[in-house]
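Put the two chains together into one complex; each comes in its own frame, and the hints tell you how they fit.
Sequence order for the protein chains is A and B.
Counting with this note's numbering, you get residues 1 to 204 for the letters of the first sequence.
Counting with this note's numbering, you get residues 1 to 217 for the letters of the second sequence.
All the pointers check out, no bait thrown in.
Quick list of in silico lysine-lysine cross-link-like pairs, DSS-like style, CA-CA up to 30 Å:
#1 B/167 / B/102
#2 A/111 / B/102
#3 A/180 / A/161
#4 A/154 / A/182
#5 A/111 / A/30
#6 A/30 / B/102
It should be emphasised that the hints constitute simulated quantities derived from the structure, not laboratory data.
Residue strings, one per chain:
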Amino acid sequence: MASEPRHYGELATQLVMEARRSTQTDTLLKYNDSLVRTLIREQRDLEREADSIQLSHPVDNDEPPPALIIIQTAINRNKRCLLAYHAHRVDRLRDMYWAVGGALPHLLANKDIRDNLSPYEVDYLRAYNASIMEFRSEFSQELDIMASITNLPKDLHVQVKVVRECGVIQTENGTIDFQKGKRFVVRRSDIEHLIVQGYLEEVQ
Amino acid sequence: MRAVPAIRAFAQDGGIETPLDQLIRHWMNERHAPDILPAQEDLMNGILDSIRRQSEIVHLLRGNTTMSEDEHIRITLVQTEIERVKFVVRACVCTRIYKIEKYARFIMTNADVQTRLTAAEQALAQRHAALTDRHYYTSVLQSLPEKQAHLDDTPIFVPPMVTEPDKTRPVFVHALQDCPPVHLPNGIPLEMEKDYISLTQYSIVEHLVVRGEAELV
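Excised from the complex, chain B in its bound form (with noise of 0.2 Å):
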């Protein structure tokens, strides 16, 4: 793990971010963020399509015998960074799967969260928010009296049974460039200048994330 900031804070003073960068960027957004984040869609396509188009070059190289040492040593290295950035592809899907099925629910209800989600992610969470309600009623509900077999009751002084995403669970969030001015819980203005690091509330901060002005770390 030790490699991955060596290689983000090259990329920061270069000033470029590269596909990859970006990817690692929103793993570990994503990482942090009580709440799913949009699917960045374009981003993992064109990394994929590389992934893929790397792997058949790298193949139809290795059929040929004729190789001199160190071409073989450059292939074996692009290798590596191939199951390189297949962990951190892993590691972002992975995620999202995970967050996912625990909210499959909430999901399932707010037409929002769903915008955020890929196709494939939605019909995901779709299955999920199924074989879940249909585990809780053959095991538990249908047994139940009538009266106290649904799922989605709301008993008063009880929370919802629904787990929706915390979005005021404290976030360490890093200022990427200046940030305009957000307004914390107690109606203080927090005015975050590039590189600041500040511990404060998802939401606050939300809106800075999801447009790439900061990062959460």
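Chain A extracted, bound-state conformation (with noise of 0.2 Å):
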């Protein structure tokens, strides 16, 4: 990074506009690996210079050195925007989870959004599955809480447009072929997840 004098929190003010650009655009952007390691070594300096002035000085002293205070803050504040960062990133990983009905194959199988995750985020995707589906098994029998909520339900059937390509699928009155092209007049609930993953497309 730039060798020039920077103000302390100046790189966690970087990292925090970026999430704040990343709601504004409603966009993910990509995990911004190298400023997240240069913060954390910021931050392994500071501690250092804390613990040298510390030292320095007079044990009989009760008041804390002002440039302590001053460093101690610096550093609380990093930690929080480094934070923020991340729990920011984690928010929007579960909105989009959410977004595409839980199908979380097809959330990292596609690659423009796999390229912008850090390894972690990766993992973190993946638990998160696992506890909602542990979660989801609670309402098997019933219902799956996975559905949409964003549109209520109005008509028990729906016609569709096959926009990409997706197989036979089982539904509970047998099975159905989708071929690109084509339109079928079915169930909602029984081909919801499908709109919702951009294999079907509702004809109004």
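Shown next as structure tokens:
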């Protein structure tokens, strides 16, 4: 990174700005590994500096030296910004996960998304998926809690157009072979997840 | 969404609240309340039972090919209604999942909140707190110097790291019956009669909502 003098907290501000840009543009930006690493290095340097100030400080003086307070504040702020950045990304990941109805393989197969994730974030998504699946099994007899809650169900059936080939699908009333370009009238609850994942399109 | 108030108004005029009306009331309360409300396990189990039973019956009847046109329409109506109930159940469950995830760490340290969750929800909170901690640890904390590598430190002048429900958030509250007086933050008592609607802090009317004497709108 740049060698010119930096203010305390400047890098952390960059990181938080990135999270804010991500919210404003409603996109998940690429995980900024180099900035996170630089910040962690800064934290280590700051900690060393704090230690050396503490060592040179006379033991009989109760008042902490002002320089130490400033460094501690910088450390706390940097740490909070680091965690806020990661918390923000994890929130977005969960939103994306729910937006595709919990179809994790579908999400991870998307190269544009996958390339923006850190390896830990992929681990996180897998663990999160396992946790939600366990909770979902509580309701498996009656309903699927992952199904969409953005639109109130008005009709039982829906006319759909196949926009991406998805093969033969088992439904409650038999099997349907969804070939690209064809149209079908099907029960909404049977194929809702295929609409969410972008295989089918609703025809108004 | 417009259909919902219509159903509710009907139920209130008639004076009887069906399980679905109750569920919708709890759903709306949950949506508006900043805190996690007590789980309605009995109500939810009852409704899930009905969904399962009715789905089975519908499934059986649909196999019957000698059905008249009239009966066919009725079954379609029942099916549509089942889908609508499922929608409300899902919305309820998801609202709670959202809050549980948001406050997972707080829940794990607060026995009072835990009593308001079902066993499955408690397990979810525990798993979620653990996996979020692990993510922070592997991504950030393990690389920091030992002194900084903890999550729950409370530096001065900085809000705590653990998110807690903000009970001072303003809510619109609608009295379902005449309510006993409550005290506003400035000490003035407020006595809400039936159908009175007020805008106030959640903490002031929390007990009324939990007891079902008032609802959030």
